[in-house]
Amino acid sequence: DTGVSQNPRHKITKRGQNVTFRCDPISEHNRLYWYRQTLGQGPEFLTYFQNEAQLEKSRLLSDRFSAERPKGSFSTLEIQRTEQGDSAMYLCASSLEGASPLHFGNGTRLTVT
Amino acid sequence: GEDVEQSLFLSVREGDSSVINCTYTDSSSTYLYWYKQEPGAGLQLLTYIFSNMDMKQDQRLTVLLNKKDKHLSLRIADTQTGDSAIYFCAESRGSNDYKLSFGAGTTVTVRA
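Protein chains in written order, with our numbering: chain A, 1 to 113; chain B, 1001 to 1112.
To be clear, the hints were calculated from the coordinates, so they are not data collected in a lab. One thing to keep in mind: the hints can contain errors.
[Said to hold, decoys possible] The following residues of chain A were derived to be distant from chain B, with all beta-carbon distances above 10 Å:
(1) Gln6
(2) Arg31
(3) Tyr33
[Claimed, not checked] Quick list of simulated restraints, FRET-style, between CB atoms:
(4) Gln54/A / Arg1075/B: 20 to 28 Å
(5) Gly40/A / Arg1075/B: 20 to 28 Å
(6) Lys14/A / Lys1067/B: 48 to 56 Å
(7) Asp1097/B / Ser62/A: 19 to 27 Å
All C-beta atoms in this analysis are idealised placements derived from N, C-alpha and C, irrespective of residue type, glycine included.
Let's have the full structure, built from the sequences with the hints guiding it.
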């Protein structure tokens, strides 16, 4: 079990640029979640996939955000036209189907200057 | 999340027990979790409890659930310096809705 892997660990970008993050879940997990965590807060749900289907999106996920999981394995989260308010830690988690706990990666810390 | 509340800070002496408290508002919460986050790292699952249980023990960790009062606690026995971290309480509703709602976290500082 190699755990949930996220890349890159850190990303610094200028306002207005696009960024893409990658998440590799635990191999047998068919559910994959994205969360955002700002300083001093708990993680907030963004979206989740069951296999390749995106089943739910939070209202936090503006139209500048898009997530994909094309083959039901790894996932990408893209932010277009980044804003300073997008600066946060982006966490990915995966789980088995049903009442199975979520296992988190170490996150990608995004800084928008 | 506004549905899950935790006290923000706890200071404890090494070797003492720590008790971290959490309250939640959603009576349909079915699963309750405790996660630990160290600086710059992701969330580590510590333990979880189903709402039909009132206690779960796992080595130094004891979880107590009072469903009537919607109160969850995590007790860490013999607290060590390595236990210094932020602890998050989280809940999910189950019934095909397994995403988690988190509290703001309790920062635990262990002093020698």
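Okay, the hints, checked on the actual structure:
no.	hint	verdict
1	Gln6	violated (8 Å)
2	Arg31	violated (7 Å)
3	Tyr33	violated (6 Å)
4	Gln54/A / Arg1075/B: 20 to 28 Å	violated (39 Å)
5	Gly40/A / Arg1075/B: 20 to 28 Å	holds (25 Å)
6	Lys14/A / Lys1067/B: 48 to 56 Å	holds (49 Å)
7	Asp1097/B / Ser62/A: 19 to 27 Å	holds (22 Å)
In summary, the numbered hints that this structure violates are 1, 2, 3 and 4.
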